[in-house]
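Trainee: Given next are the chains, with one letter for each unit.
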Amino acid sequence: MSKAMPKTMYDKIWDHHVVEDRGNGVALLYIDRHLVHEVTSPQAFDGLRAAGRPVHRVDSIIAVPDHNVPTKDRNLPNPDPMSTAQLTALEANAREFGLDYIDMTDDRQGIVHVVGPEQGFTQPGVTLVCGDSHTSTHGAFGALAFGIGTSEVEHVLATQTLELKKSKNMRVTVTGELPKGCSAKDVTMAIIGAIGTGGGTAHVIEYAGPVIEALSMEGRMTLCNMSIEAGARAGLVAPDEKTFNYLKGRPYAPKGGQWEAAVNFWKALKSDDGAHFDKEIVIDGSQIVPLVTWGTSPEDVVPVTANVPSPDDYADPAKREAVEKALEYMGYAAGTPMTGFQVDRVFIGSCTNSRIEDMREAASVIKGRKVADHIIEAMIVPGSGLVKLQAEEEGLDKIFTDAGFEWRDPGCSMCLAMNPDKAGPGEHVASTSNRNFVGRQGPGARTHLVSPAMAAAAAIAGHFVDVRNF
Amino acid sequence: MEKFVSVTSIATPFPRVNVDTDIIIPAKHLKSIKRTGFGEHAFETVRYNADGSKIEGNVFDGPKYKGAKILIAGDNFGCGSSREHAPWAIAELGYRCIIAPSFADIFAGNCVKNGILTVALKQEEVDALVLAAEAGHEIHVNLNDQTVVCQNAKYEFDYNPAHKEMLLNGLDEIGQTLQAQGAIKGYEDKQKLMTPWLFRG
Ligand code: SF4
Chain A
7 MSKAMPKTMY
17 DKIWDHHVVE
27 DRGNGVALLY
37 IDRHLVHEVT
47 SPQAFDGLRA
57 AGRPVHRVDS
67 IIAVPDHNVP
77 TKDRNLPNPD
87 PMSTAQLTAL
97 EANAREFGLD
107 YIDMTDDRQG
117 IVHVVGPEQG
127 FTQPGVTLVC
137 GDSHTSTHGA
147 FGALAFGIGT
157 SEVEHVLATQ
167 TLELKKSKNM
177 RVTVTGELPK
187 GCSAKDVTMA
197 IIGAIGTGGG
207 TAHVIEYAGP
217 VIEALSMEGR
227 MTLCNMSIEA
237 GARAGLVAPD
247 EKTFNYLKGR
257 PYAPKGGQWE
267 AAVNFWKALK
277 SDDGAHFDKE
287 IVIDGSQIVP
297 LVTWGTSPED
307 VVPVTANVPS
317 PDDYADPAKR
327 EAVEKALEYM
337 GYAAGTPMTG
347 FQVDRVFIGS
357 CTNSRIEDMR
367 EAASVIKGRK
377 VADHIIEAMI
387 VPGSGLVKLQ
397 AEEEGLDKIF
407 TDAGFEWRDP
417 GCSMCLAMNP
427 DKAGPGEHVA
437 STSNRNFVGR
447 QGPGARTHLV
457 SPAMAAAAAI
467 AGHFVDVRNF
Chain B
493 MEKFVSVTSI
503 ATPFPRVNVD
513 TDIIIPAKHL
523 KSIKRTGFGE
533 HAFETVRYNA
543 DGSKIEGNVF
553 DGPKYKGAKI
563 LIAGDNFGCG
573 SSREHAPWAI
583 AELGYRCIIA
593 PSFADIFAGN
603 CVKNGILTVA
613 LKQEEVDALV
623 LAAEAGHEIH
633 VNLNDQTVVC
643 QNAKYEFDYN
653 PAHKEMLLNG
663 LDEIGQTLQA
673 QGAIKGYEDK
683 QKLMTPWLFR
693 G
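Listed in order, the protein sequences are those of chains A and B. Read in order, the letters of the first sequence correspond to residues 7 to 476 in the working numbering. Read in order, the letters of the second sequence correspond to residues 493 to 693 in the working numbering.
There could be a bad hint or two in this list.
[Unchecked claim] The calculated label-pair distances, taken between Cβ atoms and stated as ranges, are:
(1) A:GLY432 x B:GLY678: 32 to 38 Å
(2) A:GLY432 x B:ASN550: 19 to 25 Å
(3) A:GLY468 x B:LYS526: 41 to 47 Å
(4) A:LYS254 x B:ASN550: 53 to 59 Å
For the record, the hints were derived by calculation from the structure and aren't laboratory data. Cβ coordinates follow ideal geometry from the N, Cα and C atoms, glycine included.
Start from the sequences and build out the full structure, keeping to the hints where you can.
Mentor: Below, the structure written as structure tokens:
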């Protein structure tokens, strides 16, 4: 008998969830888990109501507000009526359809992509969706997790499935050992810098190699989070003992006798030896340095020790034009050292970097120092109420506030600037989020993506510095 | 869902690369709980000055491309967030078809659900269409035979057959899927035995 074809982890999870094969790589795929937030769901629930359709499986859903919640004065009335309407709609829909709902005043509330793992809702081998592109975060557990639009949210609510075309397999292997002063954020930025924002288009990326294995679960989440910035719809890391230890005992994790069965099932998920990848990239992790984005695309990555590039560095005319436009928007000349201009505002938070290890990484740089005088605002927004409580238990909030940082309530905040947390026109922002698009953090705001340690150091120094010697 | 079979119209050229969903519709305008009202804010930074006045000569508001139902865009169009508000906003501007060298996956999927056809052509073909659009030529896009015709040029494009059927027939996708209810139930019964920890009670 011939041996079965070796499969990638993505192949296995995909095959496992096929309800109906529709030919040509298209299948009706079963969805195990669904996270719902206030911005992309109201129209979906309206659709269900209009068609008189129930939610197919209420036990597959957690609803939690995050994008549009205020990060301070939650006890006061929300001054934004449209934000209130969204938050109220989420709660009303969750109650009407009987979903698990985490209220804004609950300690478990936070950014969907922090809450899912924290609650043990995210598990290896599941398919997990959310009306948010950074759903790729959950791939850190070996879950096939991807963002969907509002029509698809409605489709999953009504049918527990999606008709999807299978993506191609891509593997990014990061070899060696990550140097001191670098973290998962630098790894993901290094990858995007290398392959570009289209590098993963139509692929699911499996991350592998010693650097990935050495990352903590939180580091893996940071890494998988930005798969979407590399154009991939999902990222994956093979589950291992770290994954199992992280999950054990969490509220939605398997209990009792089911735990053992689940772990055995999870262990079989990793890619088989000899499995075929359509695209392979190898990155030398020992060469990674602290990185900063200089432009308006996440692929505009340079070492903090480097200078702002020039349009002349690029042969492709479209890229040259994009660089010119980006330089104009960012308001500096080609050749400016990345350490050579003033940072005006600092944001540490978002689903990329708002977990407890990120808080600790920032605190280790900030401890006993002060935010530079000219910084307009330096804000730390934990990813969930539980992260906030843990940080406070460790005294990190004191370190932050003593240094002059604002310590806020959990939410997406200045990552997308839907709520009042935003940067002003022309301001340079050191941000631990994932998108440096034009106007993302406020009209005219100039975002620089960095790791928590680099953002913390920029707040203290008032400009970017190489955190390795800070 | 609205059908899409073919469209013939002049086209708006907007060949900028990596146009993200924050450019298509900025996050601050996502607060509505309805599907409408996003068009006026579509491409805001391209169309409006900081003081709210219209930017002179922007391709979306000038008389030159008024009534265009086709948008000619740049590589990696629609990258960024999963917000379906992006195709809602584009549809409100009157577009039924977007032609670009490539599209972000989620964006393209969201377009299908809203009766918008995304056509991926080669870079040089898109470049030619940009020139044609600027010259005011009509472009004819036909989903049935998967072709784009402009003057003497004819380009063929690939398209997902399942999406093609949906667009051509204007199908209600949820209704379609619910016809497979038996298979979904069967799958769940099997999984309750395989991975019982994923089911509650
Ligand atoms: S933190 Fe930012 S990227 Fe993450 S879910 Fe919220 S808005 Fe999206």
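Trainee: For every hint, state whether the structure bears it out.
Mentor: Checked hints:
1. A:GLY432 x B:GLY678: 32 to 38 Å: 59 Å, violated
2. A:GLY432 x B:ASN550: 19 to 25 Å: The hinted range 19 to 25 Å holds for GLY432 (chain A) and ASN550 (chain B), with Cβ atoms some 22 Å apart.
3. A:GLY468 x B:LYS526: 41 to 47 Å: Because 44 Å falls inside the window, the suggested range holds.
4. A:LYS254 x B:ASN550: 53 to 59 Å: 56 Å, holds
Checked against the numbered hints listed earlier, the structure breaks hint 1 alone; every other hint is satisfied.
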